[in-house]
Amino acid sequence: MAELSTTSGRYIKGVTLGEGTYGVVFKALDTLTNRTVAVKKIRLGKYKEGVHVTALREIKLLKELHDPNIIELIDVYPHKRNLNLVFEFMESDLEAVIKDRNIVLSSADIKSYMQMTLKGLAQCHKKWVLHRDLKPNNLLIATDGQLKLADFGLARILGSPDRNFTHQVFARWYRAPELLFGSKQYGAGVDIWAAGCIFAELMLRRPFLQGSSDIDQLGKIFAAFGTPRESQWPDMTSLPDYVEYQYCPAPPLRSLFPMASEDALDILLRMLTFDPKSRITAQQALEHRYFLIEPAPTRPVLLPRPPTRPEGKSKPAEVASPAAPIVLSPPNKARRVTLFPGGAGGDVHSSGRVDTGYPFPSRDASGGTVPGETPSDHGEIPMSVDMRTTAGQAIPPRPTLNSTDRSYLKRKLDMDLAVSHYQEEQQI
Amino acid sequence: MAANFWTSSHCKKLLEQEDIAHVSPIDQNRGLTTEDAKIIKVHLSNYIRKLAQHAKVRQRVVATAIAYFRRIYTRKSFSEYDPRLVAPTCLYLASKAEESTVQAKLLHYYMKNFGTAPDEKVFRYEIKDVLEMEMRLLEALDYYLVIYHPYRPLVQLLQDAGLTELIQTTWALVNDSYGTDLILMYPPYVIALACIYIGCILKEKDARTWFEELRVDMNVIKNIAMEILDFYDNYRQIPEERVHAAFIKLPPRS
Ligand SMILES: Nc1ncnc2c1ncn2[C@@H]1O[C@H](COP(=O)(O)OP(=O)(O)OP(=O)(O)O)[C@@H](O)[C@H]1O
Ligand SMILES: [Mg+2]
Numbered sequence: 001m002a003e004l005s006t007t008s009g010r011y012i013k014g015v016t017l018g019e020g021t022y023g024v025v026f027k028a029l030d031t032l033t034n035r036t037v038a039v040k041k042i043r044l045g046k047y048k049e050g051v052h053v054t055a056l057r058e059i060k061l062l063k064e065l066h067d068p069n070i071i072e073l074i075d076v077y078p079h080k081r082n083l084n085l086v087f088e089f090m091e092s093d094l095e096a097v098i099k100d101r102n103i104v105l106s107s108a109d110i111k112s113y114m115q116m117t118l119k120g121l122a123q124c125h126k127k128w129v130l131h132r133d134l135k136p137n138n139l140l141i142a143t144d145g146q147l148k149l150a151d152f153g154l155a156r157i158l159g160s161p162d163r164n165f166t167h168q169v170f171a172r173w174y175r176a177p178e179l180l181f182g183s184k185q186y187g188a189g190v191d192i193w194a195a196g197c198i199f200a201e202l203m204l205r206r207p208f209l210q211g212s213s214d215i216d217q218l219g220k221i222f223a224a225f226g227t228p229r230e231s232q233w234p235d236m237t238s239l240p241d242y243v244e245y246q247y248c249p250a251p252p253l254r255s256l257f258p259m260a261s262e263d264a265l266d267i268l269l270r271m272l273t274f275d276p277k278s279r280i281t282a283q284q285a286l287e288h289r290y291f292l293i294e295p296a297p298t299r300p301v302l303l304p305r306p307p308t309r310p311e312g313k314s315k316p317a318e319v320a321s322p323a324a325p326i327v328l329s330p331p332n333k334a335r336r337v338t339l340f341p342g343g344a345g346g347d348v349h350s351s352g353r354v355d356t357g358y359p360f361p362s363r364d365a366s367g368g369t370v371p372g373e374t375p376s377d378h379g380e381i382p383m384s385v386d387m388r389t390t391a392g393q394a395i396p397p398r399p400t401l402n403s404t405d406r407s408y409l410k411r412k413l414d415m416d417l418a419v420s421h422y423q424e425e426q427q428i
Numbered sequence: 001m002a003a004n005f006w007t008s009s010h011c012k013k014l015l016e017q018e019d020i021a022h023v024s025p026i027d028q029n030r031g032l033t034t035e036d037a038k039i040i041k042v043h044l045s046n047y048i049r050k051l052a053q054h055a056k057v058r059q060r061v062v063a064t065a066i067a068y069f070r071r072i073y074t075r076k077s078f079s080e081y082d083p084r085l086v087a088p089t090c091l092y093l094a095s096k097a098e099e100s101t102v103q104a105k106l107l108h109y110y111m112k113n114f115g116t117a118p119d120e121k122v123f124r125y126e127i128k129d130v131l132e133m134e135m136r137l138l139e140a141l142d143y144y145l146v147i148y149h150p151y152r153p154l155v156q157l158l159q160d161a162g163l164t165e166l167i168q169t170t171w172a173l174v175n176d177s178y179g180t181d182l183i184l185m186y187p188p189y190v191i192a193l194a195c196i197y198i199g200c201i202l203k204e205k206d207a208r209t210w211f212e213e214l215r216v217d218m219n220v221i222k223n224i225a226m227e228i229l230d231f232y233d234n235y236r237q238i239p240e241e242r243v244h245a246a247f248i249k250l251p252p253r254s
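As you go down the protein sequences, you meet chains E and W in turn.
Quick note: the first sequence uses this note's numbering, first residue 1, plus one each step.
Quick note: the second sequence uses this note's numbering, first residue 1, plus one each step.
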């Protein structure tokens, strides 16, 4: 496939579809498969930092993710000094659906869009990938009506070396409260919050929480759900950018979504739960009663969608609302507290850490090393074994080793006495 | 991540010994032997480690860079992909893929100051060469960039076995396992187990029951252990003349 793609001429370039932060997207015909595709042409810097990290991230993650509800990266090929990413062509996106006044969305339609969004997310989270930029215009819609998560340029694998993630992710309206309070060790819950906002937006047909600043965004959230009490979200006050908000009671959710069913309100509330530890996971959401009972989700092919992909789209203006509660204390940025210390190293939904490739359940997670933290981070671990200090000792009899093994190993290790000073230079 | 590794591209791309040991015809024509190839790979894996120390990147980046480097030569020839340029480029690419970017300028500074002996003077590559090679490497890797390493399973397994005091020894053994192609051949947790196995022998710990309960194929573990010990035996310290003899067979820079 790689060989084929380098031979220029596989793709016949068509019209320009749009322009993103780091490249232009154009329509093309894949002559190999006769498929219409979308080619994203990544602009490279002027021989300064090579392939852009966002492009690299998108490539790296999409090569690992294969799911009907995640955009397919068909091919990548270098062209001149650019890197071209070939995606399946997507007819529309959810933002266009929401904004199209000719489209009526039934509750079965909304359920279908939500189910597809959550299925895509569940797959990401299963593979420890956080999308981090979920919003209606990154949920693309294929010709067959399937909704697919796209735009993985901000996505990250949990447990990447830089464990302190940036909180400058997501378009503000879709940003979870822990991000707005500056959390750097967040988990999959951030994507769920955004999905909850999208759910609300599908019902309201306008963005649900349209903050004009981070402070205002939190104000909008609290105006809708009430200012959280410590018991509701114990970790809140220790977040880096925590500020106290004037107490504001929650209006009945029903008053904001008069048409929604009880189950719809329940799942919405579980997705938009303040404490990320109690927020529902994508998998749990898919198993929620909302998806089990009538009406059944509309089959994707039957979903209403705009006739063609509009050429240029503009965002609705951010609206400031006077109804939000006001901030009581000034931002306290000096306080830096780590969320979720130590425990629960194997839970994608609770922290910014990653599990291991180890397939067995661990009996004891309370050892000396914090899961996800490598001993080398403390600089105390030698980079290489010093065989000299150990090789002279006798090898203990071990039934798992037969005598031939033992003498072989012993010979090996004894010989290593001769090995010299290599490892010193490897100390960090 | 259990489900994670098993469904990853890394897992699907695990190779057999035969896939790795072969020398490409174009390299063979230059007289390069399997042994030469092994020596070049060990030498440049060490070089990647050295550069990385100066650039102060995390061990994970080093491990990924070496894995890229070794994977590339299961597909490409040393003659067409000069390993003296491929090695630093792998570090550059790995630093980005692992989210701790090393600036090309900085990397180039370290490249200039710490050559890839024995003929460092001859091979002075520029930033531009690194960035061009980056594109070629991405293509050679077929754009698969996610690599899993034994470090995390090691920590978990040691905790599980109640052998956390072996962390220093076994961690270092895992580091040294990158002197081999093992990362291309076995799931990371199996490599971690082999390192624990060696660690137990070295430090006289009896983890027999624990290994038995895991129900892993002890023959596989032993084979990996032998391979690591073979590295200590024969490749930990390669005489400079031997390195030189291998490198001299590479074509001069065009
Ligand atoms: N697979 C696709 N099929 C059809 N059109 C697409 C596809 N991917 C992207 N586009 C179009 O190209 C435009 C640019 O996409 P891109 O993902 O580069 O940036 P963006 O999402 O608009 O902005 P940003 O880079 O800030 O996320 C999109 O707005 C969309 O209209
Ligand atoms: Mg987008």
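Incorrect hints may have been included.
[Stated by the list, open to error] Calculated lysine to aspartate or glutamate pairs in the DMTMM-like style (CA-CA distance at most 20 Å, straight line): (1) E:K48 <-> W:D129; (2) E:K41 <-> W:E35; (3) E:K48 <-> W:E132.
No lab work stands behind these hints, which were simulated from the structure alone.
Legend entry - 20 Å Cα cutoff - pair K48 of chain E, E132 of chain W: holds (11 Å)
Inset, instruction - For the pair we were handed, K41 of chain E and E35 of chain W, check the Cα-Cα distance against 20 Å. - result: With a Cα-Cα distance of about 42 Å, the restraint between K41 of chain E and E35 of chain W is violated, given a limit of 20 Å.
Inset, instruction - Would you mind confirming whether the straight-line C-alpha gap from K48 of chain E to D129 of chain W stays at or under 20 Å? - result: Satisfied, since the Cα-Cα distance of roughly 11 Å is no more than 20 Å.
The structure fails to meet hint 2 from the earlier list, while all remaining hints are met.
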